[in-house]
Amino acid sequence: MSDSKLASGEAGEALAAPAPNARKTPFNVLIVGVGGQGVIMVSKVLAALAQWRGFEVKQSEVHGMAKRGGSVFSHVRFGERVWSPTIAKGEADVLIALEWAEGLRWLPYLKPATGIFICDTKRIVPPFACLNRKPGAPMRYSRETAEQVANYVAEGYAIDATTMAEELGNERAANVVLLGALSTALDFPIADWESTVSEFVPKKTIAVNLEAFRLGRTWIAEARSPAPANGSPPLLPLAEVPFTPRLEINAAWCKSCDICVKMCPERCLRLNDDRIAELANPEKCTGCRLCEWLCPDYAIRVHLEAQGKAAEEAAR
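Reading the sequence shown from the start, the letters are residues 1 to 316 in UniProt numbering.
Think of the hints as simulated: they come from the structure by calculation, not from any bench.
By construction, the Cβ of each residue, glycine as well, lies at the ideal position given by its N, Cα and C atoms.
A portion of the hints provided could be inaccurate.
[What the hints assert, rightly or not] With a straight-line cut-off of 25 angstroms between C-alpha atoms, the simulated PhoX-like cross-links for lysine-lysine are:
1. 284 <-> 255
2. 111 <-> 24
3. 58 <-> 24
4. 24 <-> 89
5. 89 <-> 44
6. 58 <-> 89
7. 89 <-> 111
8. 204 <-> 255
9. 24 <-> 44
10. 44 <-> 58
11. 58 <-> 111
12. 262 <-> 284
13. 204 <-> 44
14. 255 <-> 44
15. 111 <-> 203
[Said to hold, decoys possible] Simulated restraints on C-beta separations:
16. 48 <-> 108: 23 to 33 angstroms
17. 83 <-> 267: 44 to 54 angstroms
18. 283 <-> 199: 18 to 28 angstroms
19. 169 <-> 56: 34 to 44 angstroms
20. 267 <-> 221: 42 to 52 angstroms
21. 70 <-> 187: 32 to 42 angstroms
22. 56 <-> 266: 45 to 55 angstroms
23. 283 <-> 52: 26 to 36 angstroms
24. 108 <-> 24: 21 to 31 angstroms
25. 199 <-> 256: 27 to 37 angstroms
Assemble the whole structure, with the sequences as input and the hints as a guide.
Right, dumping it as structure tokens:
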């Protein structure tokens, strides 16, 4: 197995996937994540681009509103001739993961000697993973760091795509950041990538999504460069980082469905006099994110802020 390491902001080997249009055997890309992250959009962009470039394409996916907050995956295979729509274990040329634990769960599908692993470091910890409900308590969740995962992949990149997208003003563009990273592994023209991305994202978000796509490509270029002397700190499991939960509720988007109120494990939420969800008991909130995942209108976002940062903002 190759000794190339999983880059997490520091130096990494260049992506080395063979040019797909130089292969007669199908090229296999597996995209995985959690419902609501945009897994299917990534697979559709890739499938459409490959088809437009003249390849035969097969795509298989699991999705639906029932899967929001649950495991979602999509197989994309393209080549001169493709018979099956699914990728067998150990046959994925590239594994794209929009969530850390999902990426690790699907690692057996990656080609052990040549496969490329590109994973967002975002951690979505389900409520049932909590041993107790106090913020920062131990969780039944993957605790592997990027450095440990490096021992199990031929080539890998851990990229904080969610934070990068947030800094662009649109967290939902994290999947497009990963598309940009993926694009450096495939022999397709950049202009074709960008035109295809523009076809699949909402018209009002084309500019920010193209910026996110280019940011992903740039990140890979920087990961190839030598790391600074001080390097980047190793990734830490979420449970080891003290945090304070903060809820952001968009009143204009709330439809008063009451799902968040009824399903909150700690009964932190309520509908106010205008029947808009609000956090009634912030001291009880554990940041389990169940309200965020179940809201059908994306009206709630849960931020897990480092305790030092939360204290600074509270003092202002």
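For this session: Kindly indicate which numbered hints from before are broken by the structure, ordering the numbers from low to high.
Result: 14, 15, 18, 23
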